[in-house]
Amino acid sequence: MAHEHDHDGEHGHDHAHEPSDPEAARLALRAEALEALLVERGIVRRESIDAIVARYENEIGPLNGAKLVARAWSDPEFKRRLLTDARAAIAELSLPMGETATPIVVVENSPGVHNVVVCTLCSCYPSSLLGLPPRWYKSPPYRARVVREPRAVLREFGLELPESTDVRVWDSSAELRYMVLPERPPGSERASEAELVELVSRDSLIGVALAGPPAEAPRER
Amino acid sequence: MAHEHDHDGEHGHDHAHEPSDPEAARLALRAEALEALLVERGIVRRESIDAIVARYENEIGPLNGAKLVARAWSDPEFKRRLLTDARAAIAELSLPMGETATPIVVVENSPGVHNVVVCTLCSCYPSSLLGLPPRWYKSPPYRARVVREPRAVLREFGLELPESTDVRVWDSSAELRYMVLPERPPGSERASEAELVELVSRDSLIGVALAGPPAEAPRER
Amino acid sequence: MSAVHDLGGRPGFGRIEREAREPVFHARWESRVMGMVYAIRRANWLNLDAFRHGIERMDPARYLAASYYERWLASLERTLPEVGALTPGAAPPPAGPYGFEREVGAPARFAVGSTVRVRARKPVGHTRLPGYASGKRGTVVSVRGGYVFPDTNAHGLGEQPQHLYSVRFSARELWGESAEPRTSVCIDLFEPYLEADPVPSSAEETRDGA
Amino acid sequence: MSAVHDLGGRPGFGRIEREAREPVFHARWESRVMGMVYAIRRANWLNLDAFRHGIERMDPARYLAASYYERWLASLERTLPEVGALTPGAAPPPAGPYGFEREVGAPARFAVGSTVRVRARKPVGHTRLPGYASGKRGTVVSVRGGYVFPDTNAHGLGEQPQHLYSVRFSARELWGESAEPRTSVCIDLFEPYLEADPVPSSAEETRDGA
Chain Y
1 MAHEHDHDGE HGHDHAHEPS DPEAARLALR AEALEALLVE RGIVRRESID AIVARYENEI
61 GPLNGAKLVA RAWSDPEFKR RLLTDARAAI AELSLPMGET ATPIVVVENS PGVHNVVVCT
121 LCSCYPSSLL GLPPRWYKSP PYRARVVREP RAVLREFGLE LPESTDVRVW DSSAELRYMV
181 LPERPPGSER ASEAELVELV SRDSLIGVAL AGPPAEAPRE R
Chain C
1 MAHEHDHDGE HGHDHAHEPS DPEAARLALR AEALEALLVE RGIVRRESID AIVARYENEI
61 GPLNGAKLVA RAWSDPEFKR RLLTDARAAI AELSLPMGET ATPIVVVENS PGVHNVVVCT
121 LCSCYPSSLL GLPPRWYKSP PYRARVVREP RAVLREFGLE LPESTDVRVW DSSAELRYMV
181 LPERPPGSER ASEAELVELV SRDSLIGVAL AGPPAEAPRE R
Chain X
1 MSAVHDLGGR PGFGRIEREA REPVFHARWE SRVMGMVYAI RRANWLNLDA FRHGIERMDP
61 ARYLAASYYE RWLASLERTL PEVGALTPGA APPPAGPYGF EREVGAPARF AVGSTVRVRA
121 RKPVGHTRLP GYASGKRGTV VSVRGGYVFP DTNAHGLGEQ PQHLYSVRFS ARELWGESAE
181 PRTSVCIDLF EPYLEADPVP SSAEETRDGA
Chain W
1 MSAVHDLGGR PGFGRIEREA REPVFHARWE SRVMGMVYAI RRANWLNLDA FRHGIERMDP
61 ARYLAASYYE RWLASLERTL PEVGALTPGA APPPAGPYGF EREVGAPARF AVGSTVRVRA
121 RKPVGHTRLP GYASGKRGTV VSVRGGYVFP DTNAHGLGEQ PQHLYSVRFS ARELWGESAE
181 PRTSVCIDLF EPYLEADPVP SSAEETRDGA
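For the record, the sequence lines run as chains Y, C, X and W.
Under the working numbering, read the first sequence as residues 1 to 221, first letter to last.
Under the working numbering, read the second sequence as residues 1 to 221, first letter to last.
Under the working numbering, read the third sequence as residues 1 to 210, first letter to last.
Under the working numbering, read the fourth sequence as residues 1 to 210, first letter to last.
For the record, the hints were derived by calculation from the structure and aren't laboratory data.
As the structure is a computational prediction, the values presented were derived from the model and not from experiment.
Quick reminder that beta carbons are idealized off the backbone N, C-alpha and C, glycines included.
It is possible that some hints are incorrect.
Just some of the chain W residues that point at chain Y, by a computed CB distance under 8 Å [to be verified]:
1. 16
2. 32
3. 36
4. 40
5. 110
6. 144
7. 172
8. 175
Here are the computed distance ranges between Cβ atoms for each label pair [as the list claims (entries may be wrong)]:
9. C/95 / X/41: 20 to 26 Å
10. X/106 / W/14: 46 to 52 Å
11. C/164 / X/21: 31 to 37 Å
12. C/160 / X/97: 42 to 48 Å
13. C/160 / W/156: 54 to 60 Å
14. W/19 / X/98: 47 to 53 Å
15. Y/99 / W/14: 32 to 38 Å
16. W/178 / C/101: 31 to 37 Å
17. Y/94 / X/81: 55 to 61 Å
18. X/112 / C/190: 35 to 41 Å
Chain Y extracted, bound-state conformation (with noise of 0.2 Å):
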């Protein structure tokens, strides 16, 4: 899948609406007043904020979702121990990630049944393996809504499901953390596991889109 996270490939963000807006500019003095706070009192090294801001902005992200994905599709075994012990599962692909405090699990799709994961309490999200969510994941509208309405939510989100369809919405509220596993598309049965992986898109791994070339989701991967 196309990296996600390739916006300028440098350090630093100048969006446009940092400098001329007075509320961005006041959050991030705040901010530059508390590192430099916490770094007098030797409670963090700026270098271990430079280097967990690297490994979040350019390894940690959704290609290893897709690439879970891609092997379970692909082999049988290693798809039943990623639904029974997402953690021993993952740990056979050594894949670059975050702090695995918090466990894995991953829901499966299936003909009839549709899987979708919010945080209603917070933006809890796979992090360590999936890196930072989206705002939209995070912001009031989705955690309030998707559980009350999810096939509306779905809907805006271009993803139209059969009535007969089972919508199954996780709500992490604890210290477990979802990851759904896309159906294979139809038409995909002689790809190869890297042509796999191209198919498999963040929004499929969170259940608001489903799995398939990217033209098909032109507008949100």
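With chain Y fixed as given, assemble chains C, X and W onto it according to the hints.
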């Protein structure tokens, strides 16, 4: 009681934050645009708005409630009528009032019983009688907290009630409007009705203060 | 799970900010908005329930951040086009009876002293049932007569008048262990919000809620 | 009546705004705040539950208006002084066991297939019981093992590990008549949030929630 609305006696309120705050400027523009459109369509006349505003700025205010209370303290028969059929009793005094589509209900404080009024769903208030409500009455903190912890809220207003007092909160969730009849302060036995009026603050009519000489509540009448 | 405007009992709010020598309005535009709302309602272009529902449909973050008169302005901007008031040449609906008090066809189901239980708050649309009362048991302290029913009137479904009751709830019934002692809340509730509750209030509740 | 951060099912929210080609961070300060939180937690200065409780104590209007990383920043500013991290010369508490999984002394009360009823959400302090599940009946679909209990750990009252369950609720049980068909929500709930429910789920619920 001191008239509370004599900030400048003139129309037009050029408060310091209005021109400098861009958000306030946008709100002022939206209001002006809507008024222009409504006038153009013949839905409202500027003169009607002027008259309504002037009436609520200069004529209708807590003094109405203070007069009712002073009369009730002075005349037990009037008090009985005020508590059982407030509409009729209020009419006896020919007060300057707004539209009276919503009946007033008067609830009486007595030794061991203290009443306090709120509207948790919006900000219903006996405006036709007492004028427009203060900001704090309409604020989310008051609306959220006074039903759950009225004693703590009253303490914030400087009113510590004995543990033996029943605290009764009235949430005006329909088209009745509540006014508190405070207890006649000790020491006021020989006061004239006109003198009694001076003892009744707006806050005592809402139930967040007791009636008493203004000196007792210097910060907020 | 109630909407953001339904604030009664919601935790997390801090100190109540008061203002010494508060003016009636804090800016001229506030007075114009107030005057517009009163004038528009007098002209029968907007019923109070639809106007309130317009406020309740504000973005929740904006609702909490907005001042009172900003909410009024936002509701006018939303509801006036909805009721067709801004369509050139449109006329307001014919004025109905004054105020909100109405005759109700059926007799009142409850009397002073009745113990009632509040039904679940309906999940969508306008209502005047505060969320914190949902499912709670209380005692009728006053039978107020018939009134326009906001739940239908806000949505153009007619006035459908209903009996209105003042119902007292003990703080313990509403807030459990965290309740302040000797405290009660009285709420004005329409008959369709209530069902008869055969279980009398406990002695504890009677003491707290007397 | 749940606090503002407890968003599940709250009405009034509109369209979900998405961003094409969204960057990992929208401003440099966001990346610094994220890095600080991770580094501070690694240094054992802050437990996750206390950090979350710091977010939950934001002013409700600000909470809804704030971006994600502004909430993180606000919680750091509030909780770091509370835990004494900014006191010169202070040392962090000794590191406990890794992660959140723990042994629980007692056996699990419920098993896969148990019908349970969710207790009322406690009115104050941190909890991971979403308000929309309060009082609802569901079925245990997975017994997850023992975990640190956030309700105590957030308040310095220790880890007090509890059994954790994934409990499935039919949409009809949660939302009544307005529920979408063939929809269910699974929530991870700690044993103290649950009580046994002798009434089996109805056929309707089983179909919806299967």
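### Query
That 32 to 38 Å hint for residue 99 of chain Y and residue 14 of chain W (C-beta), does it hold up?
Taking Cβ atoms as reference, residue 99 of chain Y and residue 14 of chain W lie about 35 Å apart, which means the hint holds.
### Task
Using the Cβ atoms, figure out if residue 112 of chain X sits within 35 to 41 Å of residue 190 of chain C.
With a Cβ separation near 38 Å, residue 112 of chain X and residue 190 of chain C satisfy 35 to 41 Å, so the hint holds.
### Message
Please check whether residue 40 of chain W passes as an interface residue: C-beta within 8 Å of a C-beta belonging to chain Y.
### Response
6 Å, holds
### Message
Holds or violated: the hint that residue 172 of chain W contacts chain Y, with Cβ atoms closer than 8 Å.
### Response
Nearest chain Y Cβ about 12 Å off; hint violated.
### Task
Could you see if the CB distance from residue 178 of chain W to residue 101 of chain C stays within 31 to 37 Å?
Because 33 Å falls inside the window, the suggested range holds.
#### Entry: Distance restraint evaluation - residue 160 of chain C, residue 156 of chain W, Cβ atoms, bounds 54 to 60 Å
31 Å, violated
#### Entry: residue 19 of chain W paired with residue 98 of chain X, Cβ distance criterion 47 to 53 Å
Given range 47 to 53 Å: holds, Cβ gap about 52 Å.
### Query
Holds or violated: 31 to 37 Å for the Cβ distance of residue 164 of chain C and residue 21 of chain X?
35 Å, holds
### Task
Using the beta carbons of residue 95 of chain C and residue 41 of chain X, state whether their distance is inside 20 to 26 Å or not.
Hint holds: Cβ distance 22 Å, inside 20 to 26 Å.
### Task
Report holds or violated for the interface hint on residue 32 of chain W, using the least CB-CB distance to chain Y and a cut-off of 8 Å.
With Cβ-Cβ at 5 Å, under 8 Å, it holds.
### Query
Under the criterion of a CB-CB separation shorter than 8 Å, is residue 16 of chain W in contact with chain Y as hinted?
It holds, given that the least Cβ distance between residue 16 of chain W and chain Y is near 5 Å, below 8 Å.
### Query
Holds or violated: 55 to 61 Å for the Cβ distance of residue 94 of chain Y and residue 81 of chain X?
Holds, at about 59 Å.
Of the numbered hints stated above, those contradicted by the structure are hints 5, 7, 10 and 13, listed in ascending order.
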